[in-house]
Each structure stands twice: as structure tokens, then as C-alpha cells.
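**Student:** In case you want the letters, here they are:
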Amino acid sequence: MTTMNMLQAINNALDTAMSADERVLCFGEDVGVFGGVFRATSNLQQKYGKSRCFNTPLVEQGIIGFANGLAAQGSVPVAEIQFADYIFPAFDQIVNESAKYRYRSGNLFNVGGLTIRAPYGGGIAGGLYHSQSPEAYFAHTPGLKIVVPRNPHQAKGLLLAAIHDPNPVLFFEPKRLYRASVGDVPDEDYRLPLGEAEITKEGTDVTVLGWGAQMEVIDQAVERAEKEGISCEVIDLRSILPWDVEAVAKSVLKTGRLVITHEAPLTGGFAGEIAATIQARCFLYLESPIARVTGIDTPFPLVLEKEHLPNHLKVYEAIRESVEF
Amino acid sequence: MTTTKAKVVYSPAFTDGAEFQIPTFRLLKQDGKLYKSAKTPDLDKEKALRIYKAMVTTRILDERMLAAQRQGRLSFYMQCTGEEAAVVGSAAALDDGDMIMAQYREQGALAYRGFTIDEFMNQLFGNELDYGKGRQMPVHYGSKVLNYMTISSPLATQIPQATGYAYGQKLAGQGECTITYFGEGAASEGDFHAALNMAAVHRVPVIFLCRNNGYAISTPAAEQFAADGVAPRAYGYKMDVIRVDGNDVLAMYEATRAARRLAVEHNRPVLIEAMSYRLAAHSSSDDPSGYRSKDEEAAWREKDPILRMRLWLESKQWWTEEDEKQFQEDMRREVLETMKRAQKRSPPPLETLITDVYDEAPPMLAEQFEKLKAHIRRYPDEYPKSARHVKGGV
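Just so you know, the protein sequences line up as chains A and B, in that order. So the first sequence is numbered by our numbering: it starts at 717 and just counts up by one. So the second sequence is numbered by our numbering: it starts at 177 and just counts up by one.
For the record, the hints were derived by calculation from the structure and aren't laboratory data. One should not assume that every hint holds.
[As the list claims (entries may be wrong)] FRET-style restraints, in silico, Cβ to Cβ:
1. B/Gly-290 <-> A/Lys-766: 50 to 58 Å
2. B/Arg-553 <-> A/Arg-755: 50 to 58 Å
3. B/Glu-472 <-> A/Ile-840: 16 to 24 Å
[As the list claims (entries may be wrong)] Covered stretches of chain B, as calculated for chain A (at least 3 residues, CB under 8 Å):
4. 204-214
5. 370-377
[Claimed, not checked] Simulated pairs of lysine-lysine, BS3-like, Cα-Cα distance not exceeding 25 Å:
6. B/Lys-223 <-> B/Lys-479
7. B/Lys-501 <-> B/Lys-520
8. A/Lys-943 <-> A/Lys-970
9. A/Lys-966 <-> B/Lys-547
10. B/Lys-212 <-> B/Lys-223
11. B/Lys-414 <-> A/Lys-766
All C-beta atoms, glycine included, are put in the ideal place defined by N, C-alpha and C.
This is chain B alone, in the form it adopts within the complex (with noise of 0.2 Å):
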């Protein structure tokens, strides 16, 4: 009773809450118009052209690399298709100063800052101009100069660090915040509750950006959850909360525009809520035939994020069929083109290794490295990718 000035009341009264509908916010039509009431966002040509492509481009890199993973060129990869609005849409609402900690499949918002074909594919191939070293599996992508942190694994670990951060730039005073992307299933993981508590009671510019794409793997959201959503939890936290079309790439631009202020602003963080759909499997080792059907990913093909924009810059005659053709053909070329040069590439030196574990590796390590370098000089066919990095006698 001490934390809370609600009225008393004198029998048990219980609430589940059903009273908070969250509606969901929407601009576009699938056919390209606007909703009757729906006010264009405040986005000039130039910027809607830089999303649009940004989304292209992500379409045509997941298609060409998930066929690359199938004929064996790359071990693994992860597509973003259908959700190219909610991620690049989200994106292009922020300033370049701005940290991303993104889940990892966000690879629309490193395309939209300007992540370049030859830098995504030394990250799929691991080649030796992986800024990552080939550590990390295909699609964890990172760039210190964009502002997008390293990917890892672990779900839902950046949220915390996307509060942490922020706090961290709010203390700088420089006017920057800190969004973070990740799924309604790594929702479910502690940190997630933990960084939205700690963003609120510590006035976090933070905005939590929740892909609900329907699936974890193979679990359906109705298996994660049995609230409506994601974005009822806010409340638990005293958060703005606002649930927008996912596939509405002019939603979703406007409502990370409209969070970025309450953000930077006023010190309020945000949780945003996209729902959309993931039109691909997990990953290229999953296989959705086993738990979905036909029909459902049908439907949800019909709300292409992608068309919904083309048709609405067309409407603008921002963009022609003829532009559209020509940065096809074009993409697809540099793709393969790119692909084929970053797969010749060599490995990362076998100094890599041991390089970074530690700001300088550790006397132990060190001897370690030696033992090893030792033992590949004895059977150098055995280590083809390294060999040549410790010729010299045994």
C-alpha cells in the first residue's frame, strides 16, 4: 500500500486487464493509398528512395544467399523477407549518430545506413576482410562506423545492453539514443523484462522495437504468450507503447520517428510492437512445411511490405517500372559479381586466432598459440587455410 495511490476497495476484485485494447497503427493500403484519415509522413523523395532501395536490396541478398547456402557456397544464412518495413521503415526514422543493437535479422537497417554488398558478403564468407575475423557465423554482421553492434547469438542479451547504453548517451548529452530489435519469442527471455524495467525507472532514450513475426522457429506466438501481443507489457512498466503494421514501412517510419523524440526528448523510452510475418523459414537449416501452412504464408504474401511501397511511389511518380527493372538487374548483378570475388578471398590469418580475446593475449595463450603453430608445421596438409601462415622448420 505504501507504492500505490489506487482506490481501496472492500471485496476481491480482480482484472485481467482485457479493458487496454492496443490498437495498431496504419497508413498504407495495400494497394499503395492511403487510409482515408491517414496523413502522409513528412518524407521527401530522396529519403523514401533510400528506403525503398534498402528493402530491394535486402530482398535480393536474403534470395541470392539463402539459393548460395542450398548449393553449398555458404554454411548458413537468415532472411528478413517480409519484414523489410518494420526493420528498414524503423531505421530510417533515426539519426545516423544512433546506436542499432539489433537480433540478426535486421540486416535491412545496416543496408539502409549504407553497409556495402562487399561488406556483407566478407561477413557471410569470413574471408580475411571479415571485420568480424570469420569468427561468428554467416549474417552476424557489425560496424563500428554505422553505429550497429556486433550480433550475437544469444537472444534477447542486447536489450539490457540497449538500456545500458542509452543510459550511457543520455549521460553524454549529445542527443542520441539506442534502438533494439528483437523477436515476440525472444520476448519471453528475462533480459527483455529486465531491460524494459530498468529503462523506465532510470529514464532510458532507448526505443525496444519487437518484431512479432508470428514464429519462433517453429513456435507459433499463441505458444509464447497468452496476452494480446507484446505491447500490453509496458504498462507493467509505465512505457509508451504503441503497436504499428509491420508491413506499413510509412507507419512504421512515423512511429520510430514520433518514439525518437519521446526518446531523446523527454527521456522516455518506447516499446514499439511490428507485426508482420516471417515469410521465410527461421533459417536455412529450418523447414516450415512441418508447422505451418501453404496457405497461411499465401496470405501473408498478398501484404508484401516491398509491393505495398513500390505501388505508393509509384502513385508519387517517384518511381517507374522502368527504375525498378534497371535497380534490379543491377543489384542482382553486384550481388553475384561481389559474392563471387568475396568467396575467393582468403581466410583470416591463423593470428586470429588468439587476437582480441584479451586487449593482448595472455602469456598462457601465447604458449598456447606456439604448441599450436608447431603442430600445424608438422602436418601442413592437414590445415590448409593455415599452413602458410607458420612455414618455417619444425
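Here chain A stands alone, though its shape is the one from the complex (with noise of 0.2 Å):
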């Protein structure tokens, strides 16, 4: 075990995975020498060459192109798209390409060695440009895998299973967390299943669910009700492709109430899926709405940035509605 930070966390993943298998590549724009903006592959050239680490030119379109074609080929390509908020001109390669490429072949070819990289959210005063959730776009899209970790101990073993996946996965990073969440980590490879949401806390009467930074938001949050008396169960989903509607529809048969959180804007966000999908299975145990507690349906602000987000204090009332409901 060592101590690291969500950082640390991933470069040590990356490490583990490229020392593991010469297959294994990292690229990006600034990802080489200098080890990224935010260092997540600091070192890695140094020590793996040129070949294997380094940077592209500024074009994401072709990034994930190479990735795809790289992946086709037989290699396990780990491309890092700098901000999630730059990924859309490579949402044709992503969307028409990374996710169809085994279905259109008739499983003939694959990419599902491709993990792309991207630092998501909000909280860093980063604005319209440096703070976007974009999963939703891309849980629309069949053939995908999207996977956001919590900790530097999720950061870790879930992107070794990113990497190791036999389908292409889109990793989104919480860059809020990134220096802030610090936490003890295995040294070895370790790798935490995809497609399993964690219940991180039981309880009784409400189920909290969120992934990501949002944690530490539903957290705070689940603080703040358990000093009333409300007892909370609270759910990290992990995998926002494909979720897992077993263990959250199970949670909500036991207490009968449902607050799900993301920062992404309310309109055609993931929570509306969730939602929709847990009415249908738990319609007669529901005891209120399920409420769903988001960004507004703006762009990201950036002077009033505490103000669009959903903080501890808009996930507490959501959970005191319900219960009160």
C-alpha cells in the first residue's frame, strides 16, 4: 500500500499496465516528455521511450482515430482527450467508429483494447470550457463502456479493468479530485469490476446515488441527514455504461426512495435514465418521486459556479423532501 493522490493513482495504473504489456501506449496532446497538464503520465516516457508515450499533434478527431485504428491492429491504446470538454471532435470516432467496429464487423475486427482518457467536472473555476459532464452524450451509444472513479484506490483498479476490458471504455476523470482526494492504494495490479455500482454506505430510508466527485458531495450530504435521523444508503454506480440496475433497483425496494445526483444539466442527463428505469421496476415500493438533483440547464458558469452546481446542501434537501415527501 502507499499513500497517493488521484493523480498518482492513475499514473501508477498506467505504470503498472505498460510495464505489464509492450502493447500498451499512451498518447495525448502534452502527454509525453512534460506528462500531461495535470502529470497523469508524468514519467511514463522516461522510462517506456518515445515510441510508446508521447504526444500528438492538437487534433482529437485524429487522436481517437489513431487510438481506433491502433486498437484494430492488436495494440491496447490509452489516449488521453486533455479536458472532457475538448472530446467532441472526436465524438464521430468515438460514436460512429470505437463503438461500432465490432458489431458492423461481425466481431471480424474490434477496438476493444481502447481506453480513452478524459478529465470531466466542475469545482476548479475552469468555466464553460474546463468543467463539462459530458457521460450523457455518450451512454446514448451502444458498444461503449463509460467508467468514473471516486477515490485514487478506484482511480487504480478501475482503469486497469478499463484497459483490460475487451470493449472500448471511455474513463472519465474527476479533475477536482485529482490532487484533493488522497487515499491508500495496492501497489499491484488490481483490477474492480465494471458494470457494478458499490454501496458504500447502508442504510434505510433513502438511497443516495451518484458517481465520480459527486461522492464526496453525497457524503457531506448524508452527513448532514443521518445527524436528523435519516438513515441513508448511499451508491457509487461506477459504470454509467452499462449501469447496474440490479443493485440500485434492490436498494430502492429496501427504502423505497430514490435521490439520484450529477453535475451535468438536468435536461436529457443520466439521472432521467436511472429514474425512469427504476420507477418501472420498483413502481409499487416507491414512497416518493425520485428526485434528481443536477446542474441547471445551462452552460457551465464560471463567477457562479457554486450557485449551478448540485452541492451537499441541494443533495440534503433533495433527500429531506423525499423522506418528508
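Join the two chains into one complex using the hints; note that each chain is given alone, in its own frame.
**Tutor:** Following this line, the structure appears as C-alpha cells:
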């Protein structure tokens, strides 16, 4: 065990994967000698050489097109998009290519080796274009897996699982927690399951669900609610696609209430998908409407980002309203 | 100023690149004779006939399948007509282990590699033997054993993928390369620029083959770019480039062979611009009479690449009129008979609706599939293609 922040855990996961398999490559803008603008790929070029860890020209559609080709060839590319806000030039390569490679070829070819890493989320005074949470756009695309870690231990285990998963995986990293989240991380190679949620706290009155950086917000909200005698069950979804319907449904059948929170705007956000599925599964057991606590339907603001974000107070309010409904 | 070694001037000096003229490489005249100073490529009889037969096979397949589309037997078709030399001549210059990442009009390359008429037909009819399991429209072929990447409809997406694929080949060190085909219209996509730039920066063994056939559906090349074709763009990436008469199979073969050497032996990516003409419509859904003249088409028909090669083969006494007649007859018969067989085969089984989305269907998808099967069981007459797969009680 070593105490690491999330960036160190991610760097350690990449190091672990690259040392175990020479087909693993890391590349993206400023990823090479500089180690990425957040330093997630620090020292990897020095350790594994320029052919396996390198800078690309500044062209996201090219990075992912290149990565798709590499994965089809049998390499194991880990492509970095510097900010999730800048993933959209690569939307075609991800949605029409990565996601459909295996299906359209009848499994003759696949890009299962592909992992795309991108920092997402707000709370860093990043404004419109350094704060977005674009998971819902990709969640509408069968063929992709989408994973979001909440802390260093999860980050290493989920990233290693993503790299070794035989499907293309989008790995969204909560950049607000890059240095803020610190914890013990095993030194060896370990993998956490994709598509499985984790119950991080058991409770009986209400289920509170989130992923990534929002888990820290949930913990604060729940602490406040529990002081008032509300017993909360907390679930970290971990995988947005495919997502763990069984785990969430099981919890809601027990608590009868569900609060879902994410940073992305309300309309078309992934909470809507979860709410629709869970109300169908748990209709007769629900004690209150499923609540969504999210960013409001605007571009991401700058000076007023605190007002915009679904912080612990808003989540706490939703928990109370759900229980008192 | 930090990255250029160019000289400094003290008044504004613009340049439009007009001083760079990219010549067109050509060996064979339309009468099948070589140009005076042209040298015959190193091409033996066996290989020359393999190339020729792939070109003729492509022409016959295209004629027959367009007719089948017109008869309503096929939903859609795309012909390679007029561009057979550009496609087959270049593919023949590669090793069989080299990857081909094509656009959609390169069935000639696949025919050259040995894709059988039966394999073509199974894809065209999307039957249970189609490698693509009936998921894609006709002409979206793919073959793992022949190193021919399954076709994808979105234009130009294969170009940066070819750069990535070839980068992986370079690391693997087996001396293989990738060729990617695309039209001059697709070269306007951002993916084209991304791919060429990345290939040049990272010294990737990839050959970019632009089929400049004059039209992107109805849009003529003159409305696609202001420059003299696509070739001059290579200068901007510091990439080797050659322009070739795309209707001259010997020139295409020779140029691609030299390009392959640059790619594999020197890690230099190459851009080849094959100047040709799309004699057919864009697809079976298109009618060129709305945007180009019969005279223009007739002028290009005079430059038929297949006839040009045939005359050369005859001049070498490697091919006779009798051979031609026999081959055409045999091929037409095979195409017709194979088509009838392929058309009768069953559609892919219902489960192919959910397989290969992921390596394994996730629970949510498996659940949706069970619901669908129950629905089909209730209305078997409405789903004649799949009802037989869901026999049993409701």
C-alpha cells in the first residue's frame, strides 16, 4: 500500500499496465515528456520510450482515429483527451467508429483494447470549457463502456480494468479530486469490476446515488441528514454504461426512495435514464418521486459555479424532501 | 520564428505555391503501348493476369449487381467502374500481410486479394453466411484473413485509423504497412488532415491513396477545392507525394510499389493521388444526368483502364481474344449462379441482433432481447425472418 492522490494512482495504473504489456501505449496532447497538463502520464515517456508514450498533434479526432486503428491492429492504446470538454471533435470517431467496430464487422475486427481518458467536471473555476460532464452523450451509444472513479483506490482498479476490458471504455476522471482525493492504493495490479455499482454505505430510509466527484458531495449531504435521524444508503454507480440496474433496484426496493445527483444539466442527463428504469422496476415500492439533483440547464458558468453545481446542501434538501414527501 | 529555417525578408512576401507543379506519372498509352521513355515495371505474367482478372471480375460483378438492384433483388449497390486500375493496380503492389482500409468503392482490391464471388454475394444479400451478419448495407465488405478492414459508411474515418494501424505495425516490426483509400471529396474531412499530419510527424508506414474521380456524389472536384487536386497538400505535411494516371494500371502498380518501399523501409508515409473518373453513378440511388454531360462521360469511356491493360497484355502475348471471351463467359456464369444461391440463403439468426455490441451482451440488453422474443412469439406472421428462431409458447 502507498498513500497516493488520484493523479498518482492513475499514473501508477498506467505504469503498471505499460510494464506488464508492451502493447500498451499512452498518447495525447502534452502527454509525452511533460507528462500531461495534469501530470497523469509523468515519467512514462522517460521509462518506456517515445514510441510508447508520446505527444500527438493538437487534433482530438485524429487522436481517437489513430487510437481506433491501433486498437484494431491489436495494440492497447490509452488515449488522453486533455479535457472532456474537448472530446467533441472526436465524437464521430467514438460514436460511429469505436462503438460500432465489432458489431459492424460481425466480430471480425474490434477496438476492445481502446481506453479513452478524459478529466471531467466542475469546481475548479474552469468556466464553460473546462468543467463539463459529457457522460450522457456517450451513454446513448451502445458499444461503449463509461466508467468514473471517485477516489485513488477506485481510479487505479477501474482504470486497469478499463485497459484490460475487451470493449472500448471512456474513463472520465473527476479533475477536482485529482490532488484533493488522497488514499491508500495497493502497489500491485488489481482490477475492479466494470458494470457493477458499489454500496459505500448501508441505510434504510433513502438511497442516494451518484458517481465520481459527486460522491464526496453525497457524503457531506448524508452526514447532515443522518444527524437528523435519516438513514441513507449510498451507492457509487462507478459505471454509467452498462449500469448496474440490479444493485440500484435492490436498494430502492428496500428504502422506497431514490435521490440521484450529477453535475451535468438536468434535461437529458443520465439521472433521467436511471429514474425511468427504477420507477418501472420499483413502482409499487416507491414512497416518493425519484429526485434528481443536478446542474441547471445552462452552459457551465464561471463566477457563479457554486450556485450552478448540485452541492451538498441541495442534495441534503432533496434527501429531506424525499423522506418527508 | 522558432521553428522555421527559412530566410528572412523585409517586405511582405506572399506565395500561393504556384511554383510547385506536381506532374502525373504515366507508363501506358490507351493503345496498350508504353510511352517512349517509359520502362516496363517488374511484373511477371502470372501477376499481370491476376491483376487483369481482378479488374474484369470487378467490372462484371458491378454490371450484374447494379442490374440486380434495378430488378429489385438488392437494396443498394456501388460500382467501381472506371477506377479498377487505380484500385487493383495499387493493391497488387502490396504484400498480402499489408492492411487495406478502404472507403467503399474498392471491391477490386478485395477481388485481387482473393475474396470469392460467394463471399461478395453473401455480404450483398446479408444472408446467414455474411461475415458482417447482415448488419450493413451492401458493399460494406470486410475480411480478417485477407487483411481488408470492414467498410464503414462515415467518410474519411478510416484515414486516421490507417495511421494508427500502421503505427502499430511499425512497433510490431514485421515489415508491414497499411494502405487507405478515399475519394477526393472525403479528403475535405478533418480526419484526412489529422491522419496525414500525424503520419508525417510520427513517421508511420502508411500509404494514403486518394482516388480523385472527379465527383463527390454530384459535387465536382472544382467545387471541392481550389488547389490543383489533393496532391499539393502533402507539401504542408512534409510528406512524399506522387500523382498518377489512375487509368494506367502499370503506373499505379509501379508508383505504389515505390511508395511501399518508402513506407516500410524508410518509415515515410506517402500520398498518392490517382487521377481517374467515376464512370458510374455514385451509387444505385444516384442519377448523374442531373449534374454532368453524356459527352464528358463518353470522353472518359474512351480511356477505359481495363481495355488499356488488355491491349498491353495482348501485345505481350499473355492474353488472347479467346482467353477474354472464355474468362468473361465463365465469370458471368459464376456471378449469376452464385447470386441465385446467395439470395436463397436464410437471413442471419435473430440473436445476431444483440451479439457483438459488446464482447458479451450486458444484462440490460439481454433483458430487452427476451422481451423482443416474447413479442415476436405473439406476432410470428409479422416477423417472417425471425419467427422460426423463437418457436415455443408465449
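**Student:** All the hints need checking, so say for each whether the structure fits it.
**Tutor:** A quick look at each hint next to the structure:
Take B/Gly-290 and A/Lys-766: their Cβ atoms lie about 38 Å apart, and the range 50 to 58 Å is violated. Restraint check, B/Arg-553 to A/Arg-755: a C-beta distance of roughly 57 Å satisfies the suggested window 50 to 58 Å. Between B/Glu-472 and A/Ile-840 the C-beta distance comes to about 59 Å, which lies outside the given range of 16 to 24 Å. With 0 residues having a beta carbon nearer than 8 Å to a beta carbon of chain A, the segment 204-214 of chain B misses the requirement of three or more and the stated coverage is violated.
Taking a C-beta to C-beta cut-off of 8 Å, the segment 370-377 of chain B contributes 5 residues in contact with chain A, enough for the three needed, and the coverage statement holds. Between B/Lys-223 and B/Lys-479 the CA atoms are separated by roughly 23 Å; this keeps the pair inside 25 Å, and the hint holds. Between the alpha carbons of B/Lys-501 and B/Lys-520 the distance comes to roughly 29 Å, so the proposed pair goes past 25 Å and is violated. Restraint check for A/Lys-943 and A/Lys-970: satisfied, since their Cα atoms lie roughly 21 Å apart, inside the 25 Å limit.
At most 25 Å may separate the alpha-carbon atoms for a hinted pair to count; A/Lys-966 and B/Lys-547 meet this at roughly 21 Å. Distance check on the hinted pair: B/Lys-212 and B/Lys-223 sit about 24 Å apart at the alpha-carbon level, within 25 Å; holds. Of the supplied pair hints, the one linking B/Lys-414 and A/Lys-766 holds, its CA atoms being roughly 21 Å apart against a limit of 25 Å.
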